[in-house]
Amino acid sequence: MKKITIVIFCFGIYSGSLAQDLLSLVDKNEPKKKEHVTNAFKSSRVLNGHSMELIGRGELDVRILHRFGEINSGPNNLFGLDQANMRLGFDYGLLNSLTIGIGRSNVGKELDGFIKFRPVWQSTGPGSFPVSIILVAGMTAHTQPWTDTANKNYFSNRLAFYNEIIIGRKFSESFSLQLSTVFVHRNLVALANEENDVYALGIGTRMKLSKRMAIVADYHYIAKGLNKNVYKDPFSIGFDIETGGHVFQLLFSNATGMNEKSFITNTTLNWARGSIRFGFNLSRIFTLGKRH
Amino acid sequence: MTIKTPVLFFLFLSLTSLLYSQQRYFTKNGNISFAAGSGEDIDGVNKATTSVFDATTGQIEFAVLVKGFEFKRALMQAHFNENYMESDKFPKSVFKGKIINIDKVNFQKNGVYPVTVKGILDMHGIKKELETTGKLTVTGETVSSNAEFTILLSDYNIAIPSLVKDKISKTATIQVNCNYTILK
Numbered sequence: 001m002k003k004i005t006i007v008i009f010c011f012g013i014y015s016g017s018l019a020q021d022l023l024s025l026v027d028k029n030e031p032k033k034k035e036h037v038t039n040a041f042k043s044s045r046v047l048n049g050h051s052m053e054l055i056g057r058g059e060l061d062v063r064i065l066h067r068f069g070e071i072n073s074g075p076n077n078l079f080g081l082d083q084a085n086m087r088l089g090f091d092y093g094l095l096n097s098l099t100i101g102i103g104r105s106n107v108g109k110e111l112d113g114f115i116k117f118r119p120v121w122q123s124t125g126p127g128s129f130p131v132s133i134i135l136v137a138g139m140t141a142h143t144q145p146w147t148d149t150a151n152k153n154y155f156s157n158r159l160a161f162y163n164e165i166i167i168g169r170k171f172s173e174s175f176s177l178q179l180s181t182v183f184v185h186r187n188l189v190a191l192a193n194e195e196n197d198v199y200a201l202g203i204g205t206r207m208k209l210s211k212r213m214a215i216v217a218d219y220h221y222i223a224k225g226l227n228k229n230v231y232k233d234p235f236s237i238g239f240d241i242e243t244g245g246h247v248f249q250l251l252f253s254n255a256t257g258m259n260e261k262s263f264i265t266n267t268t269l270n271w272a273r274g275s276i277r278f279g280f281n282l283s284r285i286f287t288l289g290k291r292h
Numbered sequence: 293m294t295i296k297t298p299v300l301f302f303l304f305l306s307l308t309s310l311l312y313s314q315q316r317y318f319t320k321n322g323n324i325s326f327a328a329g330s331g332e333d334i335d336g337v338n339k340a341t342t343s344v345f346d347a348t349t350g351q352i353e354f355a356v357l358v359k360g361f362e363f364k365r366a367l368m369q370a371h372f373n374e375n376y377m378e379s380d381k382f383p384k385s386v387f388k389g390k391i392i393n394i395d396k397v398n399f400q401k402n403g404v405y406p407v408t409v410k411g412i413l414d415m416h417g418i419k420k421e422l423e424t425t426g427k428l429t430v431t432g433e434t435v436s437s438n439a440e441f442t443i444l445l446s447d448y449n450i451a452i453p454s455l456v457k458d459k460i461s462k463t464a465t466i467q468v469n470c471n472y473t474i475l476k
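Taken in sequence, the protein lines are chains A and B.
Oh and the first sequence: position 241 is 241 in this note's numbering, straight run, nothing missing.
Oh and the second sequence: position 80 is 372 in this note's numbering, straight run, nothing missing.
It should be emphasised that the hints constitute simulated quantities derived from the structure, not laboratory data.
Some hints here could point you the wrong way.
[Claimed, not checked] From the structure, some residues in chain B lie toward chain A, with a derived Cβ separation under 7 Å:
1) Gln351
2) Ala355
3) Ala366
4) Ala370
5) Glu374
6) Leu455
[Claimed, not checked] Each pair of labels, with its calculated beta carbon distance range:
7) B:Ile418 with A:Gly127: 27 to 35 Å
8) B:Phe382 with A:Leu191: 37 to 45 Å
9) B:Lys459 with A:Ala150: 55 to 63 Å
Cβ atoms here follow ideal geometry from the backbone N, Cα and C, with glycine treated the same way.
Let's have the full structure, built from the sequences with the hints guiding it.
Here's what the structure looks like:
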């Protein structure tokens with residue numbers, strides 16, 4: 001009995017040493033690492049609103065945005081293409097989870113700037129978290145000359161502010177969804193019966209069609225602060241097309257504004273009447289700073 | 293108590309195999325880098341390559357996590373993982389093969405030994421045979437391996453869209469630099 005045990009024992013050692021998989025000799029005790037989930041969206045914007053993505057550290061994103069005129073304005077205006085509203089913007093990644101940006105829109109001759117921060121990054125592995133949480137704080141200043149010169153016009157009257165919380169998740173390689181709340185405060189509003197504070201709830205999503213193309217849509221429900229007979233909820237739908245360093249977003253939207261304050265508080269076109277605009281966002285990434 | 297021949301035989305086998313297992317070398321922080329740019333620099337490096345080889349049989353294996361490749365540009369790294377290597381679907385690339393002239397390497401004597409390696413590279417879901425020359429450098433108890441070879445990206449089902457074909461080469465030149473210590 002003893003001998004058999006010895007034989008079995010020896011054979012055990014022998015066959016163990018014949019193991020074909022050498023890597024398993026060093027890999028088996030490898031702890032799994034926490035990994036961040038990236039590329040929930042191709043761009044740092046869903047279409048109009050901020051997406052749950054940030055640009056990388058040291059990257060400069062040059063953004064050229066266009067919204068043409070109303071499609072139902074007829075062939076004489078080439079279905080809106082005669083008219084162009086635009087925003088030129090620069091975003092820069094200070095850290096992988098901290099982006100700053102500035103921009104200027106010709107609508108209202110408006111300057112805007114924002115800080116975007118990701119305190120929680122969706123991850124997998126040990127200590128993972130199922131969603132990303134992003135905070136955005138921005139400010140806008142229109143630079144149009146005052147039409148009413150009889151009043152005392154303070155500089156602060158030109159300003160508006162917005163704060164946004166985004167909670168998003170990349171559910172799979174092809175599907176991402178995010179929810180957001182936006183609060184906009186305008187220091188000065190046009191009419192006495194308008195409210196300075198506007199609250200909106202946003203939803204944004206992406207469905208990938210191929211590795212480099214996706215359908216994206218974003219919608220903001222104006223919850224409080226605007227006269228819904230005049231102002232409509234902004235809704236945009238379009239395509240993401242990524243080509244190396246560029247991301248093109250071709251879209252249809254009822255919003256004209258291209259910053260948070262502008263598209264949330266100043267959208268008057270109505271999808272139901274077919275009064276929408278064609279537009280595009282062009283994003284080109286340049287790598288400036290060092291990554292590490 | 294009499295010890296019978298088969299027992300002795302197995303004892304002998306197990307002893308020799310124990311000796312053999314002394315002659316395995318490993319690393320967990322080997323370097324594997326590649327260059328695949330033609331119009332611009334597309335270089336990635338992975339500094340956490342795991343590799344093990346058996347000094348007796350010549351069996352050699354490498355494994356890298358595709359997400360572990362680092363690029364100078366964050367965007368390039370994102371595209372590498374998302375568009376080309378699909379690292380969520382194919383997280384690991386593995387090479388398993390044999391140093392066919394391992395008998396020419398004297399691990400007791402310092403020196404540089406040219407070697408030929410033959411095996412299967414499993415990358416992006418495709419397994420393909422690969423043969424390359426390289427060298428093993430023995431310095432006391434440590435051994436380093438160096439090799440450079442070129443693969444055709446289309447062999448591994450990695451498609452280059454026509455829009456970027458001026459910038460990305462059809463081939464990738466891969467460099468291997470690993471420093472091994474004895475696996476105990």
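Going down the list of hints, with the structure as the test:
1. For glutamine 351 of chain B, the suggested interface contact is upheld, since its CB lies about 6 Å from the closest CB of chain A, less than 7 Å.
2. With a least beta-carbon distance of about 5 Å to chain A, the hint placing alanine 355 of chain B at the interface is held under the 7 Å criterion.
3. For alanine 366 of chain B, the suggested interface contact is upheld, since its CB lies about 3 Å from the closest CB of chain A, less than 7 Å.
4. Contact between alanine 370 of chain B and chain A, as hinted, is supported at the beta carbon level, the nearest pair being about 6 Å apart and thus within 7 Å.
5. The beta carbon of glutamate 374 of chain B is positioned within 7 Å of a beta carbon in chain A (closest approach about 5 Å), and the interface hint is therefore held.
6. With a least beta-carbon distance of about 5 Å to chain A, the hint placing leucine 455 of chain B at the interface is held under the 7 Å criterion.
7. Range check, isoleucine 418 of chain B to glycine 127 of chain A: about 33 Å between beta-carbon atoms, so the 27 to 35 Å window is met.
8. Look at phenylalanine 382 of chain B against leucine 191 of chain A: about 59 Å separates their beta carbons, and that is not inside 37 to 45 Å.
9. Taking 55 to 63 Å as the suggested C-beta distance range, the pair lysine 459 of chain B and alanine 150 of chain A conforms, at roughly 60 Å.
The structure is inconsistent with hint 8 alone, although it conforms to all the rest.
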